[in-house]
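> Spelled out from the first residue to the last, the chains are:
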Amino acid sequence: MKKALSAILLAVLLLSPAGCYDYSEPDEKAWVMALGLDKGRQNVLTVTAVIAVPKNIAGGGGGQPASGGGGQGGFITVSLETETLLSALELLNAVMDRKADLSHNKWFVFSRELAEEGIGKYFAPIARFYQFRRTSSVIVCQGRAEEFLAKGQPKLEDNVGKYYELMHRGWRYTEFIPFDNFHHFYIKSSSPGIEPVAVLAALERKSPVYETDAPKTMGRYQAGRIPREGGGNIEIMGGAVFRAGKMLGTLNGDQVGVQKMFNGTFNRTIVDLPDPEHPDQYIILEVEPRQAPEVRVQISDGYPRITASLKLEGDIISIQSGVNYTRPERLPDLERAVEEALLENVNNTVAKSQELGADFLGFGLHAKKLFRTWPEWEAYKWEEKYPLAEVTVNVDYRIRRSGLLHEMEPLQ
Amino acid sequence: MMRQQTVIGVSEAVTILFIFISAKTFLSYGRQFFHESYNAAWMVPLVQTFVGLAGVLLLVTLLQKFPGRNLVEIGEELAGPYINGLFALFYLTVFILGAALTLRGVSERVEAGYLPNTPISMVVLFFAVGAVVVGYLGPEAVSRTARFLLGVLLVTTMVLIALTVPLWRFHTLYPLWGSGPLEILKSGLTSSGDFVQILLLGIIYPFLPGGKIKQVGVWGVAIAGFFMFTYIWTSLLVFTYPAVSELALPSFEISRMVNIGRFGQRVEVLFMPVSIFANLIFLSVSLYAAASVLCSLCKLRDYRPFVPAMAVLVQTVAFIPQNVPQLIYWNEAYLSKYSLGALAGILLVLLLITRFKGKGGVIDEKST
Amino acid sequence: MSWLRKLAKYLLYQKPEEPSTTFMAGIEDRPVKDVRQPGAKGAKGAGDKSAGWREDAPGAEPGTREGKKRGRTARARKARGGKKTGETPAPDAVESGHPDTGDNGSEATGQRGMQNGDDVAKQPVAGGKNGNNAAGQAVAGEKNEADSAVREKYAGQVAENQAIEEMLRAKTKLAYDLEENRRVLTAIFRVPRNKDAVLRTLTIGTDPPFRALLVFIDGVVNSQVQNLAILQPLMLFSDLKAQAEKQNGQNGSAGRYKDFFDRVKEALVPNNQVAVADNYQKVVNDVLGGNSALFIDGFNQALLLETKGWHFRSISPPQVEAVIRGPQEAFTEQIRINTSLVRKIIQRPALVTEFIKIGDVSPMQCAIMYMADLANPDLVGEVKRRLESVRGDYLQETGLLEQMIEDSPLHLMPQVLTTERPDRVAAGIMEGKVAVLVNGNPFVMVVPCTFFDLMQSPEDAYIRWPLGTFIRIIRYVGLFLALLLPAHYVAITAFHQEFIPTDLLLAMTGAREKVPFPSIVEILIMEASFELIREAGIRIPGTVGTTLGIVGALILGQAAVAANIVSPILIIVVAVTAIGSFAIPNYSFSLSVRVLRFVYIFLASLSGLLGILVGFFIHVGFMVSLRSFGVPFMVPAAPVTGTSANYFVRGPVWQQETRPDYVDPLQRRYQPEVSRGWLRPGGRKGVKGRK
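Residue numbers (our numbering), protein chains in the order written: chain A, 1 to 412; chain B, 413 to 780; chain C, 781 to 1471.
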């Protein structure tokens, strides 16, 4: 006992001069909340780091909370011209007084330009770096990431990290924001049979997007093309399809919704359905998943034949025309109309994926089951066969609730 | 009640046995399975477990013939001091190499994930101090410490697994047979050395309650097999096949993946105790077992002087690998390949001698 | 001759150590120096005298025990230099080995010693400045040295004390002569100086009258009992009965009683407890314990009469272990009351109270209580063995005794459960444990003790089991927080910042901007000041107690933050830690947690969570290898032993069917399988099942 104690004491004494190598106070670090990558102007890359300014964020600790002009409040951005992503982190220490730390990083923003050139060599290797988190989001922004991050001033909160997190968290309640964070992006990129979709983002567009006031489904919008005034400077909607680390094209809101339906990450959305009886009026419905989509893949003549069935349900939120669709005998009409509308979306999306040659809907994951071993599956070369596959999708929608009203009296 | 001789209860014995076998799941265990069996790697631990069960039954058969004596003493009785010296050297190698690679491995893990700027020697020293102190306190202390911490280990592991369930992607299980059934079987057999730690049973046998050894061995191996399977299964489902084969420390990456809302992320620190405790228990057990082998070999009564000596040896060996890839490679090449085969060979030889001598009626009196 | 002298000294010095006495500890010399005439002549004279009587009767010295004392005397004498002429130590050395055992001898020595001692004691008392100074210096300097100046100076007194001590130890028999007894007792109690001891002479009013002596200590006896039950019957009514018997024509008392002494004992003292003593030691111990001793001229025996009249605190509510539901009485300082409190709860004949004399002070100072039909005899034997082997002068405290009998003194963990609640002791005894009661202390030790005992409060059992479970879990949370929260704070803020939610991290960082200290210094400042406040809070006199609260709240609260010395979140950490440590029911355990907390903070500052975890691993390693009276400390968690589900969480009362396995009780079953008899249609079947 005595000996053991003295051994501990000895160890403690030996250890204490060794010092505390990793000891660092939180106020000795610069917390990077987002990293942006652009094609460089003076070097290979322009890396933009968003660094939180804690004294402006901590309430009551003195200093006014951030609400002032762009970039003056809760964060600052630093753009550095470097060769690689992580060398920027090193260089950052020459610019900032505190040690840059990535462990609270929320967003990796790639400019579309860079993404279309291929970002595989930038993002895949950083998974090796211990500060990097696979739970961060992958964002592709229209325009330069530098500008995007510098102007992306949060409106509701001081903490820019919270802003970023909540922004992407919208995938939970809207179909327009893709689910894939870095982890899913990465595992989808590396496995044959499915392709990732990154979040598409952009700064607010100042000039008008559309010329006329003709009706347009909101799902047709995508980031950078949302007609609006006010709100935050950043908008995220739609997705960027990747294959082998290279961006192939963009998806609009509805297409992202379909992708999420097939990936099982779809939670709910709202559909504006033109009234079958009054084409200028709308019925607004909520759509939720009922079951996981049923996908059957058969291989005939060496090419896949895919049959899928989307099972959805939902509520009526509003009927503009006041037609009493809520009567039991009328409901199937409405359901059929919804199915048709959704099917159009789905078919568009499938066509888009076959056109891009990227199976972001994940039909390949179902095709995998047909094979006995992995080498056989790899030898099939799904990504080559998929664009030529025959895809039949069936949408099954059921109305469950009709909201707080049952039948409406027409306005007199 | 006032008994002061060393006693290890069944539950403590099962605990140290299974922790001793399965502590490697917190290091790079199973890395090669993904390379050999692809997405069917989860079957490999099952194969290993069956091999391990066979091994433990063999060991138990031998031990049960000599109640109250450990494997080294039995070997001495059967094979004579010289041949048994070789055998004991093998046991010693298993314990010391295992401890050294684990010591380095767990320190590198801490280095990789938690304390990147701390010198490796300091981390190693921390682990060594913990292991030496508890190892020095004896098999009772080690097993009870393990038993006491078992709750922490189990709960944390279960929580970790439960938190990753939303990330499970079952499609990765297909194509079902990965690289093919034969390849899987081969992978399981060549890496069966992951269960060589059943050797511990031969060392602590004298302290176990009589007649319970079979129960201890089977349960220990089965639970360890279950955990190794769960571990491979979880990492496979979370990271899916091609990505999972890249990881150096899958269990660490799993804990980094946990994300239950804005508050519940980056929680790998919460799961640090599991890996640290499991490996500290592994190290203490190894140090004690190595000291005990030496002690039996030298026919001394007290193992304790050997514990610090073993610790020094283990530390020295721990620093032989030049880098982490070499460490992982050594572990796969020397420890988890064939070592169970060698152990089984020794056991078979000893059993044969028993049979042979038993006919002559030499052993029977002593063994009964 | 110097080598001879050295050799003799060496030989004498090497005698095996006798059990220490107050005399040898050298404590009792101090008060004496004030009252004694320290003049060289007086001391010398006394020394000569005391040495003299020994030299007078060297042959009468009893064997080996005397030898040592002789050695001391010789040394004392020798140290006085050449004042003694013609004296060489060699004869002493030879004499010391002289084997002579015999009661007569020892008695004779004792008596002679007393005479001399008496003389010494009667020396005129006067103050002497020189002497005082000298003695003071000597005491300060080297009071434990064998040849200290004080002893040299007061060698006579030392020898006298030694003689008394020896006489008591040798159980010297009483004398027949009353005067002789009186003289000896006067010496023993240092009577003219000591005003507490009263030696009252009286005449027993029989025909013929007998001279008698009543010895007692004033203040600790109940004078009313003395007057009514001893003095009155002896002096006034002692002959009435005999006369009545004579008048009635019976053949008198002569046949019925052996002798007069027997008659006094049997017929004349209407006292509830009477014992007979035949040696001074027993007399002295009983008198010191509050009894009165009655000596009758012509008999070498004394009657010990129960007259205890100690003043003690009455039974009051528990101070430390307060409960909301449950009995509200606590032990007091009086051991007899304490045993009765336990017996009041366990009214079974198998409850045994054994008294054990510990150390060299007085008997009846320590009792062990256990169930003879439950407690493992091995355990009882072990407790007794340990208690009996303890030697020391002042062990009248549970805390002191605990340190003497615990298994691993180097451990921070208490290995003995100390409680002031009789119900808790009773519960422990009914589980087969052993309670150790010490006179003069309201805390009772229950052994063996496990970690889980330290975390339990009797209240857990008194409230319904789901609620008991809840508060017990709360308490474990408190333990965790008290032990590890500050360390985790350091580890996480300084090493694992990624774990902190971003919002909190930025808030903390922002709040820290103006704090000049690193987190570790911050937390040490706050923990240290909190410990200071807590310690001061205990020591502070009650009347000014409230000020401390105000000061503490100011220091620990707003002011520290406002002064930018600590960050606000740290206040919460320290406060929660403090609250956690107050939730630990056992005081000594709570103390050990307070100390260990700093170890963990240190480890955390060294290498973050790794340090804490390695420290915790070692901590657990030590805890599981700890034993309390042979029982593993972490039982039944590690090692696992069968027990009712009651150690970590609280199980339903009707499921507590067996006693804990680890104490290995003689009866395993606590209550029958069906303890709620009314559940069975047959009615009270369950009750019958009880063994």
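The hints are simulated quantities; they were obtained by calculation from the structure and are not laboratory data. Glycine included, each C-beta is placed from N, C-alpha and C at the ideal position. Incorrect hints may appear among the rest.
To be verified - Okay, derived cross-link-like pairs now, SDA-like style, lysine to any residue, Cα gap no bigger than 20 Å in a straight line:
id, chain 1, residue 1, chain 2, residue 2
1, A, Lys-55, C, Ser-1188
2, A, Lys-369, B, Trp-742
3, B, Lys-749, B, Glu-489
4, A, Lys-3, C, Ser-1188
5, A, Lys-155, C, Ser-1188
6, A, Lys-29, C, Ser-1188
Said to hold, decoys possible - Computed, partial: chain B to chain C, Cβ under 8 Å:
id, residue
7, Glu-485
8, Glu-489
9, Leu-498
10, Pro-528
11, Val-541
12, Ala-553
13, Met-684
14, Cys-707
15, Cys-710
16, Leu-725
Stated by the list, open to error - Chain A stretches covered by chain B per the calculated footprint, using a threshold of three residues with CB under 8 Å from any CB of chain B:
id, region
17, 176–188
18, 230–244
19, 371–385
> State for each hint whether it applies.
Hints, verified against the model:
Our distance criterion of 20 Å between C-alpha atoms is broken by Lys-55 (chain A) and Ser-1188 (chain C), whose separation comes to about 52 Å. Restraint check for Lys-369 (chain A) and Trp-742 (chain B): not satisfied, since their Cα atoms lie roughly 36 Å apart, outside the 20 Å limit. For the hint pairing Lys-749 (chain B) with Glu-489 (chain B), the CA-to-CA distance comes to about 29 Å; that exceeds 20 Å, so the pair is violated. A distance of roughly 13 Å separates the Cα atoms of Lys-3 (chain A) and Ser-1188 (chain C); the hinted pair therefore holds under the 20 Å criterion.
The suggested pairing of Lys-155 (chain A) with Ser-1188 (chain C) is violated, with an alpha-carbon distance near 63 Å, which exceeds 20 Å. The straight-line distance between the Cα atoms of Lys-29 (chain A) and Ser-1188 (chain C) is roughly 46 Å, outside the 20 Å bound, and the hint therefore fails. For Glu-485 (chain B), the shortest C-beta to C-beta distance to chain C is roughly 25 Å, which exceeds 8 Å, and the interface hint is violated. Because the beta carbon of Glu-489 (chain B) sits about 30 Å from the nearest beta carbon in chain C, more than 8 Å, this interface hint is broken.
Restraint check, Leu-498 (chain B) versus chain C: the minimum CB separation of about 33 Å is more than 8 Å; hint violated. Checking Pro-528 (chain B) against chain C: minimum C-beta separation of about 11 Å lies over 8 Å; hint violated. Restraint check, Val-541 (chain B) versus chain C: the minimum CB separation of about 7 Å is within 8 Å; hint holds. Nearest Cβ of chain C to the Cβ of Ala-553 (chain B): about 4 Å, under the 8 Å cut. The hint holds.
For Met-684 (chain B), the interface hint holds, the least distance from its beta-carbon to any beta-carbon of chain C being 5 Å, beneath 8 Å. Interface hint at Cys-707 (chain B): violated, since its Cβ lies 19 Å from the closest Cβ of chain C, which is beyond the 8 Å cut-off. Against a cut-off of 8 Å between C-beta atoms, the interface hint on Cys-710 (chain B) is violated, since the closest Cβ of chain C lies about 24 Å away. Checking Leu-725 (chain B) against chain C by beta carbon gives a least distance of about 20 Å; that is not within 8 Å, so the hint is violated.
Counting residues of the region 176–188 of chain A whose CB lies closer than 8 Å to any CB of chain B gives 3, which reaches the minimum of 3, so the coverage claim holds. For the region 230–244 of chain A, the stated coverage by chain B is violated: 0 residues have a C-beta nearer than 8 Å to a C-beta of that chain, whereas at least 3 were required. Judged by the Cβ-Cβ criterion of 8 Å, the region 371–385 of chain A is covered by chain B as claimed, because 7 of its residues qualify and three suffice.
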